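There are 4 protein chains.
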Amino acid sequence: MSFQHRIQTRYAETGQDGIIHHSSYIVYLEETRIEFFKSLGCHINLLEQEKIFCPVVDLSVRYLKPLHSLEEIFVEVTVEKFSRVRLCLNYRILRNQLCIAHGTTSHCFVNAMFKPIAIPQDFFATLKAFQSQEKILTSN
Amino acid sequence: MSFQHRIQTRYAETGQDGIIHHSSYIVYLEETRIEFFKSLGCHINLLEQEKIFCPVVDLSVRYLKPLHSLEEIFVEVTVEKFSRVRLCLNYRILRNQLCIAHGTTSHCFVNAMFKPIAIPQDFFATLKAFQSQEKILTSN
Amino acid sequence: MSFQHRIQTRYAETGQDGIIHHSSYIVYLEETRIEFFKSLGCHINLLEQEKIFCPVVDLSVRYLKPLHSLEEIFVEVTVEKFSRVRLCLNYRILRNQLCIAHGTTSHCFVNAMFKPIAIPQDFFATLKAFQSQEKILTSN
Amino acid sequence: MSFQHRIQTRYAETGQDGIIHHSSYIVYLEETRIEFFKSLGCHINLLEQEKIFCPVVDLSVRYLKPLHSLEEIFVEVTVEKFSRVRLCLNYRILRNQLCIAHGTTSHCFVNAMFKPIAIPQDFFATLKAFQSQEKILTSN
Numbered sequence: 247m248s249f250q251h252r253i254q255t256r257y258a259e260t261g262q263d264g265i266i267h268h269s270s271y272i273v274y275l276e277e278t279r280i281e282f283f284k285s286l287g288c289h290i291n292l293l294e295q296e297k298i299f300c301p302v303v304d305l306s307v308r309y310l311k312p313l314h315s316l317e318e319i320f321v322e323v324t325v326e327k328f329s330r331v332r333l334c335l336n337y338r339i340l341r342n343q344l345c346i347a348h349g350t351t352s353h354c355f356v357n358a359m360f361k362p363i364a365i366p367q368d369f370f371a372t373l374k375a376f377q378s379q380e381k382i383l384t385s386n
Numbered sequence: 247m248s249f250q251h252r253i254q255t256r257y258a259e260t261g262q263d264g265i266i267h268h269s270s271y272i273v274y275l276e277e278t279r280i281e282f283f284k285s286l287g288c289h290i291n292l293l294e295q296e297k298i299f300c301p302v303v304d305l306s307v308r309y310l311k312p313l314h315s316l317e318e319i320f321v322e323v324t325v326e327k328f329s330r331v332r333l334c335l336n337y338r339i340l341r342n343q344l345c346i347a348h349g350t351t352s353h354c355f356v357n358a359m360f361k362p363i364a365i366p367q368d369f370f371a372t373l374k375a376f377q378s379q380e381k382i383l384t385s386n
Numbered sequence: 247m248s249f250q251h252r253i254q255t256r257y258a259e260t261g262q263d264g265i266i267h268h269s270s271y272i273v274y275l276e277e278t279r280i281e282f283f284k285s286l287g288c289h290i291n292l293l294e295q296e297k298i299f300c301p302v303v304d305l306s307v308r309y310l311k312p313l314h315s316l317e318e319i320f321v322e323v324t325v326e327k328f329s330r331v332r333l334c335l336n337y338r339i340l341r342n343q344l345c346i347a348h349g350t351t352s353h354c355f356v357n358a359m360f361k362p363i364a365i366p367q368d369f370f371a372t373l374k375a376f377q378s379q380e381k382i383l384t385s386n
Numbered sequence: 247m248s249f250q251h252r253i254q255t256r257y258a259e260t261g262q263d264g265i266i267h268h269s270s271y272i273v274y275l276e277e278t279r280i281e282f283f284k285s286l287g288c289h290i291n292l293l294e295q296e297k298i299f300c301p302v303v304d305l306s307v308r309y310l311k312p313l314h315s316l317e318e319i320f321v322e323v324t325v326e327k328f329s330r331v332r333l334c335l336n337y338r339i340l341r342n343q344l345c346i347a348h349g350t351t352s353h354c355f356v357n358a359m360f361k362p363i364a365i366p367q368d369f370f371a372t373l374k375a376f377q378s379q380e381k382i383l384t385s386n
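Chains as they are written, first to last, in the numbering used here: chain A, 247 to 386; chain B, 247 to 386; chain C, 247 to 386; chain D, 247 to 386.
Careful, some of the hints might be misleading.
Since the list gives no way to pick one copy over another, a pair counts as held whenever it fits inside one copy or between any two copies.
In silico DSBU-like links for lysine-lysine, alpha-carbon gap of 30 Å or less [unchecked claim]:
| id | residue 1 | residue 2 |
| --- | --- | --- |
| 1 | 361 | 311 |
| 2 | 297 | 327 |
| 3 | 361 | 327 |
| 4 | 284 | 297 |
| 5 | 374 | 311 |
Derived by calculation from the structure, the hints in this document are not laboratory data. The structure presented is a predicted model; accordingly, all values stated were derived computationally and were not measured.
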């Protein structure tokens, strides 16, 4: 199962070297991840209203080609693996169908005290159900 | 009464035109305002723990000279006026003692429902006490 | 003549008070302005390749209602006035057709040395031609 | 050889979950790296004036403890390894002498066309000279 999300890079995301700042990619991954979760019925704002949070435990990005302002990219996210307490995602950032960066994030779920808790039951079941499917979802 | 806060501009705050992005100035004003409040005994994190928030109601900035990355600036804030429910601040951004931008912000205080409330008693008293003083405070 | 641009607010644009940070609105105005210019045949990246820049000279925003993450807004921009050397824009930010913030920006055009120059001929002519029209353009 | 840089986290860098957004750490690493380079006589703005850029090729961050606004952190950077064309750095983010995150970045040097070039001669020599030293440098 993979999910694709379209983003247009912003002028404000560039740096004085003329390209998109490398920290902006982290925001692209997050935006895509949140839309992916939503497509699986897991709305981050509803989750956080219940005082359940899904922080990033680790992340990595490899930058292959520079990105410029006002370019259209598609961020593709796939579930690498997950357990009752951990979720690992892979990402590819595509421009004109060419991969210009890829990355990973790992997540846990925590309560209001930032103590680890199990992945919410419904979300876990949905991940389980979708795991074997080969379909590609898109957000926008 | 005025308060000065030193900031060094960041590489990440530049844009592809080679200068500091105009939205970064808004963050400089906020950082200075929060340090100013702290110098008056009003810690924003303590305030927000009590579910009291101090949102920006309006702001304006006039940009006189471009700013570059890794430049040292001093943001000077003064209280223009305040009432039981509104606080108006003026700012000047100085580089090498030259004013390169100035601005204003207005604030109210709100509760957890974002309903307006009176300025916290202690903070109001401190503003009152400092109002007539001519001294200049600095943060760092 | 007015121009409307759709934006979805991002999780990363929120602050610890739970609402969209006030500096993010500045980026929304810029994104809308750039799309508006593009709709008038003025592509900012082409302009900047010719070493012509369009900095913000001043701006103001008035915040009426708090914005939350993952909300859909429409930013409406209109030309307030313009001369050979200055362009003044008005903005309204709408959520569910309700205005939740409005603002203004003024701009000049400068060369690579950041010295003021006249508004590019073609862009000036287009602004002139569109000025009297009543139509509403949209970007996305 | 290691280098330490002090940073105070900003209110604007928080998210609605009440902690510093994970993308802000990337900016902390960059700010520290730029100060580290400066301490070695390599000023990024001078470098970029000569149309030499030092993009991030890959990065990783592991988040151990949440960070809050207005906290003081020290970012420690060490050179893991370097060749004529690649520089690998390690980072630790410390709060009250406790490591709350660590990370890595790899860099190459490129020309105005973003084509890889060798590390500038002087910078390479300085890295070489400092490599075996055990001292700790600090920026602020």
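Status of the hints after comparison with the structure:
Taking the shortest alpha-carbon separations for residue 361 and residue 311, only the inter-copy value of 11 Å comes in at or below 30 Å, while the best intra-copy value is 38 Å. Taking the shortest Cα distances, residue 297 and residue 327 sit within 30 Å of each other inside one copy (24 Å), while across copies they are farther apart (39 Å). In the homo-oligomer, the alpha carbons of residue 361 and residue 327 lie at most 30 Å apart inside one protomer (22 Å), although the nearest pairing across protomers, at 36 Å, exceeds that limit. When the C-alpha separation of residue 284 and residue 297 is checked against a cutoff of 30 Å, the pair qualifies both within a copy, at 17 Å, and between copies, at 29 Å.
For the identical chains of this complex, residue 374 and residue 311 are inter-copy neighbours only, at 29 Å across copies versus 34 Å inside a copy, given an alpha-carbon limit of 30 Å.
In this structure, none of the earlier numbered hints is contradicted; all agree with it.
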